[in-house]
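K.L.:
Residues per chain, in single letters:
There are 2 protein chains.
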Amino acid sequence: MLLKNCRFIVTQNEKREILENRDILIEDKILEIGNNISKKDEVIDCSNKIVIPGLINCHTHIPMNLFRGVSDDKNLQRWLKEEIWPREAKLNEEMVYYGSLLAMGEMLLTGTTCFNDMYFFTENIAKAAKKAKMRCFLGCAMFDFFDSDKTDAEIEKEEKEINKILSLKNEKIKPSVTPHSSETCSDELLVKSSKLAEKYNLPIHIHLSETEKEVNECIKQRGKRPLSLFEDLGLLKNRFVGAHGIYLNEAEIEILNKKKGFIAYNPCSNAKLASGICSAKELKYLCIGTDSVASNNNLNLFEEMKFGVLLQRIKYNVDAMNAERIFDSATINGARALGIEKVVGSIESGKEADLVLIDKDNIFLNPNYNIISNLIYSFNGVVSDVLIGGEFVVRNRKILSFELEKILKKVNSFNFS
Amino acid sequence: MLLKNCRFIVTQNEKREILENRDILIEDKILEIGNNISKKDEVIDCSNKIVIPGLINCHTHIPMNLFRGVSDDKNLQRWLKEEIWPREAKLNEEMVYYGSLLAMGEMLLTGTTCFNDMYFFTENIAKAAKKAKMRCFLGCAMFDFFDSDKTDAEIEKEEKEINKILSLKNEKIKPSVTPHSSETCSDELLVKSSKLAEKYNLPIHIHLSETEKEVNECIKQRGKRPLSLFEDLGLLKNRFVGAHGIYLNEAEIEILNKKKGFIAYNPCSNAKLASGICSAKELKYLCIGTDSVASNNNLNLFEEMKFGVLLQRIKYNVDAMNAERIFDSATINGARALGIEKVVGSIESGKEADLVLIDKDNIFLNPNYNIISNLIYSFNGVVSDVLIGGEFVVRNRKILSFELEKILKKVNSFNFS
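Chains as they are written, first to last, in this note's numbering: chain A, 178 to 594; chain B, 178 to 594.
Some hints could be false.
A pair holds if it fits inside one copy or across any two, identical chains being indistinguishable in the list.
Claimed, not checked - Below, computed lysine-lysine pairings styled on DSBU-like, alpha-carbon distance capped at 35 Å:
#, residue 1, residue 2
1, 181, 258
2, 217, 258
3, 372, 586
4, 258, 304
5, 586, 537
6, 376, 216
7, 192, 390
Honestly, the hints are just simulated from the structure, not real lab data.
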């Protein structure tokens, strides 16, 4: 397929090139970017489009789209215990499947092509991802609540889930290892998680320092802060994505920056639950996530990126964060966090064609003095087309890979009020 | 016209009623809200629509849409002096007219029907508002920079502008009195502004305590803080809208709450310029604004409302602000701030039919456990239809009152890089 005469291509390559009026030749991969490429089969006129790499959401619990708006006014601990866990107890496989498709619809319609998820019923999320044709990492959250009788069962279950996902032989759907947090996992479970990640060469995805309470309890129980604990137990040997990272001290930030540990910054969810602001400015390895819809309440990374910059400026000053850095966190750095920077995250020959097309004439993108600024600070996320692995999954604002109307009907038939 | 079988009507009336499956009969005003109203002429099926009152943006500088993305990384003082004022010096009437229409397009497409503006070339903004068929208050910013030779000329110019606007005899376009701020206006100019507002019974619209520097200079020069100064000089006798209100102390908050002085909260702009967070939680009389696109960088009040809640939770705690209160600030309380609460701000018989229709099946509004929550925290602002004074100005996401394509071409032909 030839994307002909793209008005702007925001490559996110090493040189941060923004190319004008170029063609992109693709199959599943990007074959060539150039001038006047001639090709006989399918040609798409992109003279009125801005092309960006598909966005990467590095921290999600996607079936929780089912819980949109059920509870908005409690802080994390009360919200989880009083509002979320009782509802999660009612979930079944069908609900998870349809809730996941709702979430994927929302991601696709706002330019996200890849996500990093931690939840339950992983097989059903994988089934939905296959249907939606999305790229993802899926992990089944592990916790033993410091009960050593449960530790091995959690690890065994995770390994089983990993093998199920590997057996799909779907290049786009990958497993990850997801111990829940320092609050819910014993040392033994964390060590075994680390070994599991090594054995299969998978990323670790874990909650980290989302509240002060979490940090204080870790110090009280274990004599060290969560990130030091994770380092000591081997979790930073592999690819590491810590979600939130709000209460990190200088020493912990140094560990992350030295060990190439990524933090997935979740500005909206952290503010909505009044948890605090991540020290994103200080972090060398930064990706971004929405967290779940239940605490956000959407999966629109464009909104997340804007608020991500704004919160850093509130925490520090106007120089703390800019549009370029936050856009990196949702593209090439998201790919690096997951270890797939050779596959996606920028528009370069040889990478998968995960591409998002945006109308140049969108009112929020005009006048156009600075494309990145307009995308981050002004655009509302309504993209026109999305390709994953060279295949259109959204065309003219319509999802092609599944019937959205049917999903809306289904999710409204469940009752989590 | 009959809006038939509206699925939900979020009235914003005293009882905060959300009506289901009702009809709204309108001419320029809302004539009746009820069941099975029969009418023979134009009937609009709204069985798949959520109807809300048109939103009110209480602090704008709308021609500055021309400066979207020209400078994003400086704090207020440097940004104004180095980036904005030199560009404003190049503005002419044509630019202001087209920049205003661009801004109005953006407001209409995101459900804003009324705005409160402070800028220059007021006549040209009025011309654009007439074209766009929007409701607004317009003021020409006054400043004498403490030069007593300039004071009377500023007041005379303002009075002339007021009379020009009044002579339009357009019920939707009203004047306001807009001394710029304590930083730029002498006591005499502020006193005379106050008298001008009294003479014509108009709202005062002024910048207030946007930075610490502004407050400290006021104390140094005048021995009191800006709000106390304004009170002493009579500015709070009339309707009063202070924009920003970030650095207010307890005594000032008490004055505002006692005198019914409104603060227009500008969360995005205040965060982007790293100015700080308004004490919105403490304020009894709260409306909301976007400030200009140059520091936001859009006029989407849905985004503003979400960040408005989130920032309060960062400043205080999870109880500081909720979806209902911020929605009030953009509807009925915006109307109260401008003194037009008997005209607009809620959906009630006798008020003008400023109505916004939103697709119930929008992915961000499903599942639907809490409409207000979904509108504030999840929705991206893409409304389907907008009526002002009973007339469609947006229909099926397309602006009817002017040609957007032409405006985009025009604004891209100007050069403010």
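K.L.:
With reference to the structure, classify each hint as holding or not holding.
P.N.:
Comparing the hints with the structure gives:
{"no.": "1", "hint": "181 x 258", "in the structure": "neither (52 Å within a copy, 43 Å between copies)"}
{"no.": "2", "hint": "217 x 258", "in the structure": "neither (59 Å within a copy, 54 Å between copies)"}
{"no.": "3", "hint": "372 x 586", "in the structure": "neither (43 Å within a copy, 59 Å between copies)"}
{"no.": "4", "hint": "258 x 304", "in the structure": "within (29 Å within a copy, 56 Å between copies)"}
{"no.": "5", "hint": "586 x 537", "in the structure": "both (33 Å within a copy, 12 Å between copies)"}
{"no.": "6", "hint": "376 x 216", "in the structure": "neither (44 Å within a copy, 72 Å between copies)"}
{"no.": "7", "hint": "192 x 390", "in the structure": "neither (42 Å within a copy, 39 Å between copies)"}
Violated hints, listed in ascending order, are 1, 2, 3, 6, 7; each of the other numbered hints is respected by the structure.
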